[in-house]
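Chemist: Here are the chains, one letter per residue:
4 protein chains.
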Amino acid sequence: MSTQPNHQHHLLAQWVSQYRAATKEGQCANYIPALAKKDPNQLAVAIVGTEGHEIKAGDTEELFTLQSVSKVITFILACMDRGLPYVLERVDVEPTGDTFNSIIRLESHQPGKPFNPMINAGAITVSSMLAGHSPQEKVTKILQFLEQIIGKQLSINEEVFQSEWQTANRNRALAYYLMDSGFLDCPVEAALEVYLKQCAIEVNVSDLAMIGLVIANDGYHPLLKKQLFPKQVAKLAKALMVTCGMYNASGKFAAFIGLPAKSGVSGAILAAVPGHAGLHSPFPTGCGIGIYGPAIDPIGNSVAGVQLLKQLATEWDMTIF
Amino acid sequence: MSTQPNHQHHLLAQWVSQYRAATKEGQCANYIPALAKKDPNQLAVAIVGTEGHEIKAGDTEELFTLQSVSKVITFILACMDRGLPYVLERVDVEPTGDTFNSIIRLESHQPGKPFNPMINAGAITVSSMLAGHSPQEKVTKILQFLEQIIGKQLSINEEVFQSEWQTANRNRALAYYLMDSGFLDCPVEAALEVYLKQCAIEVNVSDLAMIGLVIANDGYHPLLKKQLFPKQVAKLAKALMVTCGMYNASGKFAAFIGLPAKSGVSGAILAAVPGHAGLHSPFPTGCGIGIYGPAIDPIGNSVAGVQLLKQLATEWDMTIF
Amino acid sequence: MSTQPNHQHHLLAQWVSQYRAATKEGQCANYIPALAKKDPNQLAVAIVGTEGHEIKAGDTEELFTLQSVSKVITFILACMDRGLPYVLERVDVEPTGDTFNSIIRLESHQPGKPFNPMINAGAITVSSMLAGHSPQEKVTKILQFLEQIIGKQLSINEEVFQSEWQTANRNRALAYYLMDSGFLDCPVEAALEVYLKQCAIEVNVSDLAMIGLVIANDGYHPLLKKQLFPKQVAKLAKALMVTCGMYNASGKFAAFIGLPAKSGVSGAILAAVPGHAGLHSPFPTGCGIGIYGPAIDPIGNSVAGVQLLKQLATEWDMTIF
Amino acid sequence: MSTQPNHQHHLLAQWVSQYRAATKEGQCANYIPALAKKDPNQLAVAIVGTEGHEIKAGDTEELFTLQSVSKVITFILACMDRGLPYVLERVDVEPTGDTFNSIIRLESHQPGKPFNPMINAGAITVSSMLAGHSPQEKVTKILQFLEQIIGKQLSINEEVFQSEWQTANRNRALAYYLMDSGFLDCPVEAALEVYLKQCAIEVNVSDLAMIGLVIANDGYHPLLKKQLFPKQVAKLAKALMVTCGMYNASGKFAAFIGLPAKSGVSGAILAAVPGHAGLHSPFPTGCGIGIYGPAIDPIGNSVAGVQLLKQLATEWDMTIF
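Chains as they are written, first to last, in our numbering: chain A, 1 to 321; chain Y, 1 to 321; chain E, 1 to 321; chain P, 1 to 321.
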């Protein structure tokens, strides 16, 4: 709290510069051609507080796709559209320790209900539940929800969407398996279209930070002064981010960083710091954090991004534990 | 905070009385003869704050064994004895979604390192690492550590220990598998003796609450005014309690209750409420909670205990999220 | 051998009558609407020897679809079209003990090569390898091959094909998974069309018996006096029928009946009795057996069919062991 | 048949000399110190026919331990001691495709019944069932049974037994798991003592061949002119050897060699050629084959032994298919 904004900004820039070296330890997601082309050396961070004050550093203008970060958003939307009991009947909220695209538990744990909404199987199920009679209607709902939060219209990166759509065989396998088990609420191709389009929504780190801020504030948008989604859903989303948000490194992330966060293979990380978790930080009433670093580790998390976030959390004493 | 201590005490007694009905939905652990004899209708809770004030209700004099709650304690001790890197080389900190006694991942995920210290495989590994040249030395260390926290000497329920020792075939299978993979630091029978003796340590709910208080306070004992274990270890313990503490219902517990907690098949639950998670509660500087309700669900958690804890967390707005 | 043909025929009729009672222990496959409509009380058997002599009993005029029995035929064809090394590079020949539609091993045993051609994953892979630039060309090849063996043109039951095509979600999941792992030789929908059309080819028990005869004779058609496929491929097909032919009851079938056989969920069973396995039977130079009994057990095998085949094998001392 | 005995003997010597080169592709089992010391270049074969005529070549005087080959013998004995229904209630006869020491299916397929007697879990269960009130009594029964077959007393290699006993952690894990599930008929340590002693019984290739001969002849000893065990048990043993006898290469062995066989990590292979499977061979009334080649592949089968057996089977047209 004693840290001056300028000083914070300076620190942030210094850390970005320091952790940019770590980008060399990872590489851009290579199974999606459009992601493989990104510059692996990039790193960016933005933090926005409850009064709208933002600090940022690095490649903050860079646009990137949400990928798995979108899973948090559609989970919140599905809870609003269908109510919590309906959603929880179709997707559990237990962590697994499995890779994001694993299909084994759908068969090994009958009745094949996906274990949580943060792995692909659960996320596709969630996307199928969104209100709307067509993929387009569902996607429009997602974009409108994000526009409410961020205050500007986002768009879908068509090249990324097409690239993923062409290579979505594993996700198709998951979706057909879910359809066979009765867990999809709309046809397979429609669910996949929604899921892959939500993954291809383009943002920058400031946009991510703003989403994180509203989640941190239990669904209340501190600038709009408006409750956008129920507190209970926000708490649940944060719990899921902690137990399952960082793929099968979620346990280690909770252990060593201790913040609700969700990563994507684009190198995006969204973190939500509730006020009480940031009491002794420069953001004592909470903040949202957006990070981008496209060089990812084999598990799918931004290498430099995770290290930068650990630095922030440690130095500024931000933790929910 | 506006709630008067007397009023809180009254409320607590009322809730215990209300949730005692839920004990009928579970039953005492029947695979351990000594546990099967317990009175399934019992329910007790104790809460202790940073200034030593305690409120409690129900069968608070009842003694019960720690069972899996002891896993948190030995994990903390192992980290103190061996250092974090040594411990983490032998046991991971990832949640699994598997049952507590599952053996599958030891084979399916090479090199067979146990996924976390809260499942039996991980806990046995941790017990094998404790300082001490004999099981007795290791157990003595555990008892001394607990005496420091609680302020009185605890003892081992010999009947429970003998009962579990005789029926420990599944745990022996886990231990021999771990030995084969090179993850045990002492002979199988020694590791099992430590593990089963720590499980048979007898406490009441006030004792549990005091352990929870020190963990809540990051290892600092607010009454002794002494740091008993490093803050980093305490944070890690709380993260593990959130991601893996309630067996394969940990995800749901985090989602709907949102507190670091660890359960045992004796019906014990230990919860640690950090100050920031209880800011708007009657314990604004944090507290420890001990619960006992021996009627457990098929997953291993006290049925009435979980419901009572949910009531407390909800009514008093205690959550880390 | 001493048994007179008339006597054999009489015995066969008597056994069919006796084992028809066992049809009550099973039920028609209910996940395929067109199969669910079949009369569960039906039972039929035909046996054809190397000199073309046939004995048969029961509902021998009934037409039914090949279903999984077709997997043997396409495996033989793929070996002829591509050569054994090519085929074995894409599908292994190991039994699994898993259900026919299991997907787990594709993920748990890298590189995800299907374990054998008798489970769906392996059979779809095999169908994708058949010569032909379109599904129609591949299917035509299968029908021509069968026409050569049986001496008449078979046709595809369009209703069954459409029924399975509409409900093929689990098979689609398998196929997309295989495509993702690089094991399919043609597009998913093409491979599925071939696979589901081969499953829908209609035969009667005499047709099945004739196919069995040629396999029994190592690919040599004793009536046409012509080698239709290589001896090595026939031996391999018989080995696969023994180790994997009766779904996850193959081990028990080998143990208690001891003949190369392949079943389908339509209630079809194809058995091939090499000469040496029938030395002391009424067919001392070998025979083919076709059985039909649409009431199947939970594993997928005709309940009465298996019992009838066991009676035949035991009474007539037919076994490869 | 036209082949003269001398010529056969000459051929055999030539093949042994030829395939000895293949020993370089494997290595001696290194997890058992006493096996690791064996000479990896050794190779030996013996074949004995129904009239007692034997041909052999290579290191035929070398003694080696039965290891997993003993599983066939104890399975036959258990069936004699307890009756088939009793045995089959405790161990299934389905192949798995898993490694010999896998524990996963005991948990993943409830009720945890071992899948077949040829994997360690099943074999330990079988050993626990043998008649006898002590390990020594059970082992004595095994040795007496073998003495009846071979005509001489065999002994246990104490060094190998001790070596395996010290390092049997994985087998202990299996045994304790089985005990926990209720599948063991005697205490864990007793079952393991029997199992590891039977594995350490010492034979040479002629001994193995004689065991194979009796199994080939459906339990009838052609020299003693005596039925040593029931025909049905012999058929079942041969079926198990075909579906599960060569570890998780059993499918390929059946496909390309096509004889009932059982291997051990000592490099032993026992094969049983029923008369009808050798009709066109130099042993038209059947034979037993014993092979020894201690350099094994990663799956556990003698590298040169399998190739030599393939040569024999192919050249002499021996196959059950």
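The reader is advised that the hints may include incorrect statements.
The list treats identical chains as interchangeable, and a pair is accepted whether it falls inside one copy or across any two copies.
Claimed, not checked - Capping the alpha-carbon separation at 25 Å, the derived lysine to aspartate or glutamate pairs in DMTMM-like fashion look like this:
1. LYS226 <-> GLU158
2. LYS310 <-> ASP98
3. LYS252 <-> ASP98
4. LYS226 <-> ASP39
5. LYS37 <-> GLU25
6. LYS225 <-> ASP39
Since the hints were derived computationally from the structure, they do not count as laboratory data.
Chemist: Now, for every hint given, state plainly whether the structure supports it.
Modeler: To see whether the hints hold, each was checked on the structure:
With identical chains, the CA atoms of LYS226 and GLU158 are never at most 25 Å apart, being 32 Å at best within one copy and 58 Å at best between copies. Proximity of LYS310 to ASP98 under the C-alpha cut-off of 25 Å is restricted to the intra-copy arrangement: shortest distance 23 Å within a copy versus 29 Å between copies. With identical chains, the CA atoms of LYS252 and ASP98 are at most 25 Å apart both within one copy (14 Å) and between copies (18 Å). Neither within a single protomer nor between protomers do LYS226 and ASP39 lie at most 25 Å apart by alpha-carbon distance, with minima of 38 Å and 50 Å respectively.
For the identical chains of this complex, LYS37 and GLU25 are intra-copy neighbours only, at 17 Å inside a copy versus 43 Å across copies, given an alpha-carbon limit of 25 Å. For the identical chains of this complex, LYS225 and ASP39 are neighbours neither inside a copy (38 Å) nor across copies (52 Å), given an alpha-carbon limit of 25 Å.
Of the numbered hints listed earlier, those contradicted by the structure are 1, 4 and 6.
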